[in-house]
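Fit chain B to the supplied structure of chain A, relying on the hints for placement.
Protein chains in written order, with my numbering: chain A, 6 to 475; chain B, 6 to 475.
Take the hints with a grain of salt, since some may be wrong.
Said to hold, decoys possible - Below 30 Å or equal to it, Euclidean Cα-Cα: the simulated DSS-like pairs (lysine-lysine) are:
1. LYS246/A x LYS58/B
2. LYS246/A x LYS110/B
3. LYS110/B x LYS139/A
4. LYS246/B x LYS110/A
5. LYS110/A x LYS110/B
6. LYS139/B x LYS110/A
7. LYS434/B x LYS261/B
8. LYS71/A x LYS246/B
9. LYS434/B x LYS139/B
10. LYS351/B x LYS261/B
11. LYS264/A x LYS139/A
12. LYS58/A x LYS110/B
13. LYS139/A x LYS139/B
14. LYS139/A x LYS92/B
15. LYS69/A x LYS110/B
16. LYS110/A x LYS434/B
17. LYS110/A x LYS71/B
18. LYS351/B x LYS110/A
19. LYS139/B x LYS92/A
20. LYS434/B x LYS110/B
21. LYS69/B x LYS110/A
22. LYS246/B x LYS259/B
23. LYS246/A x LYS347/A
24. LYS92/A x LYS246/B
25. LYS246/A x LYS92/B
26. LYS246/A x LYS69/B
27. LYS246/A x LYS69/A
28. LYS69/A x LYS246/B
29. LYS264/A x LYS347/A
30. LYS259/A x LYS58/A
31. LYS71/B x LYS246/A
32. LYS58/A x LYS246/B
33. LYS246/B x LYS71/B
34. LYS71/A x LYS110/B
35. LYS246/B x LYS246/A
36. LYS434/A x LYS139/A
37. LYS92/A x LYS71/A
38. LYS110/B x LYS92/A
If you are wondering where the hints come from, they were derived from the structure by calculation, not from laboratory data.
2 protein chains.
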Amino acid sequence: MTSSSAYQLPDGDSVFLAMETDVSKAHIGSLTLLDPSSSPDFSFAGFVDHVGKRLELVPRFTWKLKEVPLGFDNPYWVENPDFDYRKHIHRIAVPSPGSVQELAKLASYLHEQPLDRSRSLWELWFIEGVADGKCALYMKVHHCLMDGASGAGLSEVLADLTPDADRPMVVPEVYDEATPREPTSWELLRNGLRNDSNRRRALVGHLGRGLKEMALEALGQSEAPLVDEVPRVSFNGQLSKRRGLAYASLPLEKVKDLKKHFDVKVNDVVLAVVSSALRRYLRDRDELPEQPLVVMCPVSTRAADDAKLENQITQMSLPIATDEGDPIARLAEIHANSNRAKEEVKAGSFDILNAMGESLSPGLMSMLVGAADLAGDSGPLPGNFVVSNVRATPVPLYLAGARVDTLMPMSVLATGQGLNVTVVSYCDKIDIGLTVDPEMVPDAWHLAEYFPAALDELESAAEGVVHRAR
Amino acid sequence: MTSSSAYQLPDGDSVFLAMETDVSKAHIGSLTLLDPSSSPDFSFAGFVDHVGKRLELVPRFTWKLKEVPLGFDNPYWVENPDFDYRKHIHRIAVPSPGSVQELAKLASYLHEQPLDRSRSLWELWFIEGVADGKCALYMKVHHCLMDGASGAGLSEVLADLTPDADRPMVVPEVYDEATPREPTSWELLRNGLRNDSNRRRALVGHLGRGLKEMALEALGQSEAPLVDEVPRVSFNGQLSKRRGLAYASLPLEKVKDLKKHFDVKVNDVVLAVVSSALRRYLRDRDELPEQPLVVMCPVSTRAADDAKLENQITQMSLPIATDEGDPIARLAEIHANSNRAKEEVKAGSFDILNAMGESLSPGLMSMLVGAADLAGDSGPLPGNFVVSNVRATPVPLYLAGARVDTLMPMSVLATGQGLNVTVVSYCDKIDIGLTVDPEMVPDAWHLAEYFPAALDELESAAEGVVHRAR
Numbered sequence: 006m007t008s009s010s011a012y013q014l015p016d017g018d019s020v021f022l023a024m025e026t027d028v029s030k031a032h033i034g035s036l037t038l039l040d041p042s043s044s045p046d047f048s049f050a051g052f053v054d055h056v057g058k059r060l061e062l063v064p065r066f067t068w069k070l071k072e073v074p075l076g077f078d079n080p081y082w083v084e085n086p087d088f089d090y091r092k093h094i095h096r097i098a099v100p101s102p103g104s105v106q107e108l109a110k111l112a113s114y115l116h117e118q119p120l121d122r123s124r125s126l127w128e129l130w131f132i133e134g135v136a137d138g139k140c141a142l143y144m145k146v147h148h149c150l151m152d153g154a155s156g157a158g159l160s161e162v163l164a165d166l167t168p169d170a171d172r173p174m175v176v177p178e179v180y181d182e183a184t185p186r187e188p189t190s191w192e193l194l195r196n197g198l199r200n201d202s203n204r205r206r207a208l209v210g211h212l213g214r215g216l217k218e219m220a221l222e223a224l225g226q227s228e229a230p231l232v233d234e235v236p237r238v239s240f241n242g243q244l245s246k247r248r249g250l251a252y253a254s255l256p257l258e259k260v261k262d263l264k265k266h267f268d269v270k271v272n273d274v275v276l277a278v279v280s281s282a283l284r285r286y287l288r289d290r291d292e293l294p295e296q297p298l299v300v301m302c303p304v305s306t307r308a309a310d311d312a313k314l315e316n317q318i319t320q321m322s323l324p325i326a327t328d329e330g331d332p333i334a335r336l337a338e339i340h341a342n343s344n345r346a347k348e349e350v351k352a353g354s355f356d357i358l359n360a361m362g363e364s365l366s367p368g369l370m371s372m373l374v375g376a377a378d379l380a381g382d383s384g385p386l387p388g389n390f391v392v393s394n395v396r397a398t399p400v401p402l403y404l405a406g407a408r409v410d411t412l413m414p415m416s417v418l419a420t421g422q423g424l425n426v427t428v429v430s431y432c433d434k435i436d437i438g439l440t441v442d443p444e445m446v447p448d449a450w451h452l453a454e455y456f457p458a459a460l461d462e463l464e465s466a467a468e469g470v471v472h473r474a475r
Numbered sequence: 006m007t008s009s010s011a012y013q014l015p016d017g018d019s020v021f022l023a024m025e026t027d028v029s030k031a032h033i034g035s036l037t038l039l040d041p042s043s044s045p046d047f048s049f050a051g052f053v054d055h056v057g058k059r060l061e062l063v064p065r066f067t068w069k070l071k072e073v074p075l076g077f078d079n080p081y082w083v084e085n086p087d088f089d090y091r092k093h094i095h096r097i098a099v100p101s102p103g104s105v106q107e108l109a110k111l112a113s114y115l116h117e118q119p120l121d122r123s124r125s126l127w128e129l130w131f132i133e134g135v136a137d138g139k140c141a142l143y144m145k146v147h148h149c150l151m152d153g154a155s156g157a158g159l160s161e162v163l164a165d166l167t168p169d170a171d172r173p174m175v176v177p178e179v180y181d182e183a184t185p186r187e188p189t190s191w192e193l194l195r196n197g198l199r200n201d202s203n204r205r206r207a208l209v210g211h212l213g214r215g216l217k218e219m220a221l222e223a224l225g226q227s228e229a230p231l232v233d234e235v236p237r238v239s240f241n242g243q244l245s246k247r248r249g250l251a252y253a254s255l256p257l258e259k260v261k262d263l264k265k266h267f268d269v270k271v272n273d274v275v276l277a278v279v280s281s282a283l284r285r286y287l288r289d290r291d292e293l294p295e296q297p298l299v300v301m302c303p304v305s306t307r308a309a310d311d312a313k314l315e316n317q318i319t320q321m322s323l324p325i326a327t328d329e330g331d332p333i334a335r336l337a338e339i340h341a342n343s344n345r346a347k348e349e350v351k352a353g354s355f356d357i358l359n360a361m362g363e364s365l366s367p368g369l370m371s372m373l374v375g376a377a378d379l380a381g382d383s384g385p386l387p388g389n390f391v392v393s394n395v396r397a398t399p400v401p402l403y404l405a406g407a408r409v410d411t412l413m414p415m416s417v418l419a420t421g422q423g424l425n426v427t428v429v430s431y432c433d434k435i436d437i438g439l440t441v442d443p444e445m446v447p448d449a450w451h452l453a454e455y456f457p458a459a460l461d462e463l464e465s466a467a468e469g470v471v472h473r474a475r
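Okay, chain A solo, but in the shape it has when bound:
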């Protein structure tokens, strides 16, 4: 063990704390459906034991935050002598018959509640009473804790490739972190002054380039920007505290066939499905805008051999051709836009979140973000909603012996955006979680139904092309 030192959160992690407001919290969640039928000994007590054993491997899940007075500087990770993993695991049930809809309602309520910052920043909810002898797990982890792409998230530590594994599938070396030491008052002061002076310098730099230019660069960084104007639709308004979850599933095989057929990426097919579903949803409501909707896609900036746990994420924005009536033309346009946006990210796009973290103290950022929330229906809109594609897991996973059936990801809603679409491929299907503000998207399950329908539409269109080509 190395001698411990104080551990101040880097700007990229701290920004997820500073951006939290009364209505918008920066934790991610997932609702996982478990099938314990092949594991007769599966029980709540066994699950708790399993979590306890695995947590010993990941020191940072036991730490807590030490915040700096008035948000003058980024918080520190410190040891938590009172830590007891059992206090973070709850047992609850879903009303009978325990359908996916009932589960989603319960998970939505749990997702609405903020994590308690005086504790370690994660929670597990073991949910009983699910139909067909299944059970479920709702997981909540603060986004500041680690970058999803680091491969060392809570779910990775808990899940196994076999029902009876006694170690996680991968034990990254980075788990071996030394427990940080509590910073002394002198360190708090010295670091605070140093960081404040760096922030002032960065702020001057950022302001010098002009805020409008910053925003434009963040969106496209080209002379004729990829994203011109973001139209405003019914789910772009002032956020409430409420959250809702709906779920859709696509057969992976079908998506892969279409990818091959059109020679595009899997992500392009997914975005085309998203576009088609949103197009239909907005047409139903008589509010399909003339300009295409713009989605924001988080992109990992992590190098392949970088196993650090800190957040390394940027955003790319791209229009998804909702103004185009023909499914194939829509896919082609999305493919082209997506290639262009990726080139721009590679060329080094401007990361507005990181720029904020670099140039504003957490306290000042909180105030600005809070003000933006209140102006959620009038400020400029960087995109209509987020589409996030997280890592694929091609083989079945097990949790304390029970097989993982379905992954329903839940995410963060950003200011002015009442919809988030998070996609994860698991085994032979693509699981899609729609996190919504039900005040703006009251019929999320209805929207979810359009996803498989959109895939069918694309398939029919492809067959039409093949047919004509014969």
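For chain B alone, kept in the frame of chain A given last:
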């Protein structure tokens, strides 16, 4: 219908909003066990309908708050055009077997979460999966909404004396409130300035009498105060956000026999039981103080014919003789202290909460209360915990057809107090809810077990006296 006017919350109601901090929320709750066995049509849908029909009778349950910027003045009640009672009713379940302990865990979690101030300030949680075919209801109502003693609370509107009633048992005239009008900017400003100038005047008055004198008066208002010094025990510390609930029940008959036997009040017997249970709990933990614990009892200042919904409550503090080893001597001392404290309340005790409401703006009060929370383990302590005795209901109640089995009240934890004991007599038993901060009282169910034991102890002691007297 009278022409509507703006409705600003009186100080006594507004104080329950201003005193809320990050860790302490001012809503009251109750967990009710329901037995639907005699009502075959009982269902969630029927319950929702029942609530909808009853709510039509109580306009203020549909209103929401309009807060004044920066907490400069008390908020206003305004109409809520988006109100939908169905958004306030949730369906959830308890993990099987659904014991009272499992129910209490679920209710504790629900009790921890604040009410959303952008909505009407109540929630209902319909809980399925309870053992023996029962179900349960958790109710949450903000204390600013109405005084419990007004007889017009949410539970009174929902509950019936027969399974098939189509009106509540009492429909107080005050339900007939006109919908308040949204205050104009001019009214906000004018009222704010007027109230601010009144507050400054009141503050000067209160400060003139001296803060220490104020506190002493609040505690006793006599030259040799009833309460001298409040000892500090393990549940008097800094509050966390966590809440726990435990429940105890006493046979009413036994309590009444003892009341007659010793010629005291029912409340004196209850306080003697509380005292004995706490004495044993603290002795177990090797921390029974030499000075007696002091409890704070809310007292209604409402005149018998006053049906207004506003809060009209003051506090009386009394020592409960935990330093006395003999159960009968303990009861006698409590009886004497209780009589003396009641005389003092009648003579017009100083109400520190009202004094704060009269002399500080809500924003300033929030800041002061928040600071007190952080100093929860060092500031002066007005009492060790609250014992609240709410109205008795001697006959069975029904909710949408299901018989109410048990009432488990949950309450507010005040700064520095990790325990609240709320007592309600229902049919032939006395239901006692212990609301705790589990960080300070990790074994609330253990403490709850001492309540019936304490009653037995008192009974044995009484028999001893009878025996000796024979």
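Tested hints:
The straight-line distance between the Cα atoms of LYS246/A and LYS58/B is roughly 27 Å, inside the 30 Å bound, and the hint therefore holds. Proposed proximity of LYS246/A and LYS110/B is supported: the alpha carbons are some 24 Å apart, at most 30 Å. With a C-alpha separation of about 22 Å, the suggested pair LYS110/B and LYS139/A falls inside the 30 Å cut-off, and the hint holds. Distance check on the hinted pair: LYS246/B and LYS110/A sit about 24 Å apart at the alpha-carbon level, within 30 Å; holds.
Using a Cα cut-off of 30 Å, the hinted pair LYS110/A and LYS110/B holds, with the two alpha carbons roughly 19 Å apart. For the hint linking LYS139/B to LYS110/A, the alpha-carbon distance of about 22 Å falls within 30 Å, and the restraint holds. Straight-line distance between C-alpha atoms of LYS434/B and LYS261/B comes to about 11 Å, which keeps the hinted pair within the 30 Å bound. Between the alpha carbons of LYS71/A and LYS246/B the distance comes to roughly 17 Å, so the proposed pair stays at or under 30 Å and holds.
A hinted pair counts as satisfied when its Cα atoms are at most 30 Å apart, and LYS434/B with LYS139/B qualifies at roughly 19 Å. In summary, the hint linking LYS351/B to LYS261/B is supported, as the alpha carbons are separated by about 26 Å, within the 30 Å threshold. This hinted pair does not check out: LYS264/A and LYS139/A have alpha carbons roughly 34 Å apart, beyond 30 Å. Of the supplied pair hints, the one linking LYS58/A and LYS110/B holds, its CA atoms being roughly 24 Å apart against a limit of 30 Å.
Pair hint LYS139/A plus LYS139/B holds up; C-alpha atoms about 23 Å apart against a cutoff of 30 Å. Under the criterion of a C-alpha separation no larger than 30 Å, the hint pairing LYS139/A with LYS92/B is consistent with the structure, at around 28 Å. A C-alpha spacing of about 24 Å is found between LYS69/A and LYS110/B, which places the hinted pair at or below 30 Å, so the restraint holds. Restraint check for LYS110/A and LYS434/B: not satisfied, since their Cα atoms lie roughly 37 Å apart, outside the 30 Å limit.
Restraint check for LYS110/A and LYS71/B: the C-alpha separation of about 29 Å stays at or below 30 Å, so the hint holds. A hinted pair counts as satisfied when its Cα atoms are at most 30 Å apart, and LYS351/B with LYS110/A does not qualify at roughly 50 Å. Distance check on the hinted pair: LYS139/B and LYS92/A sit about 28 Å apart at the alpha-carbon level, within 30 Å; holds. The straight-line distance between the Cα atoms of LYS434/B and LYS110/B is roughly 23 Å, inside the 30 Å bound, and the hint therefore holds.
For the hint pairing LYS69/B with LYS110/A, the CA-to-CA distance comes to about 24 Å; that is within 30 Å, so the pair holds. Distance restraint check for LYS246/B and LYS259/B: the Cα-Cα separation of roughly 37 Å exceeds the 30 Å cut-off, and the hinted pair is therefore not satisfied. At roughly 33 Å between alpha-carbon atoms, LYS246/A and LYS347/A are farther apart than 30 Å, so this suggested pair is violated. Distance hint between LYS92/A and LYS246/B is fulfilled; the C-alpha atoms sit about 13 Å from each other, no more than 30 Å.
At roughly 13 Å between alpha-carbon atoms, LYS246/A and LYS92/B fall within 30 Å of each other, so this suggested pair holds. Between LYS246/A and LYS69/B the alpha-carbon distance is near 15 Å, which keeps this suggested pair within the 30 Å criterion. Distance check on the hinted pair: LYS246/A and LYS69/A sit about 25 Å apart at the alpha-carbon level, within 30 Å; holds. A hinted pair counts as satisfied when its Cα atoms are at most 30 Å apart, and LYS69/A with LYS246/B qualifies at roughly 15 Å.
Simply put, LYS264/A and LYS347/A have alpha-carbon atoms about 18 Å apart, close enough for the 30 Å limit, and the pair holds. Taken as a hint, the LYS259/A and LYS58/A pair is broken in the structure, with Cα atoms around 39 Å apart against an allowance of 30 Å. Distance restraint check for LYS71/B and LYS246/A: the Cα-Cα separation of roughly 17 Å lies within the 30 Å cut-off, and the hinted pair is therefore satisfied. For the hint pairing LYS58/A with LYS246/B, the CA-to-CA distance comes to about 27 Å; that is within 30 Å, so the pair holds.
Of the supplied pair hints, the one linking LYS246/B and LYS71/B holds, its CA atoms being roughly 26 Å apart against a limit of 30 Å. A distance of roughly 29 Å separates the Cα atoms of LYS71/A and LYS110/B; the hinted pair therefore holds under the 30 Å criterion. The straight-line distance between the Cα atoms of LYS246/B and LYS246/A is roughly 19 Å, inside the 30 Å bound, and the hint therefore holds. Of the supplied pair hints, the one linking LYS434/A and LYS139/A holds, its CA atoms being roughly 19 Å apart against a limit of 30 Å.
Proposed proximity of LYS92/A and LYS71/A is supported: the alpha carbons are some 20 Å apart, at most 30 Å. For the hint linking LYS110/B to LYS92/A, the alpha-carbon distance of about 12 Å falls within 30 Å, and the restraint holds.
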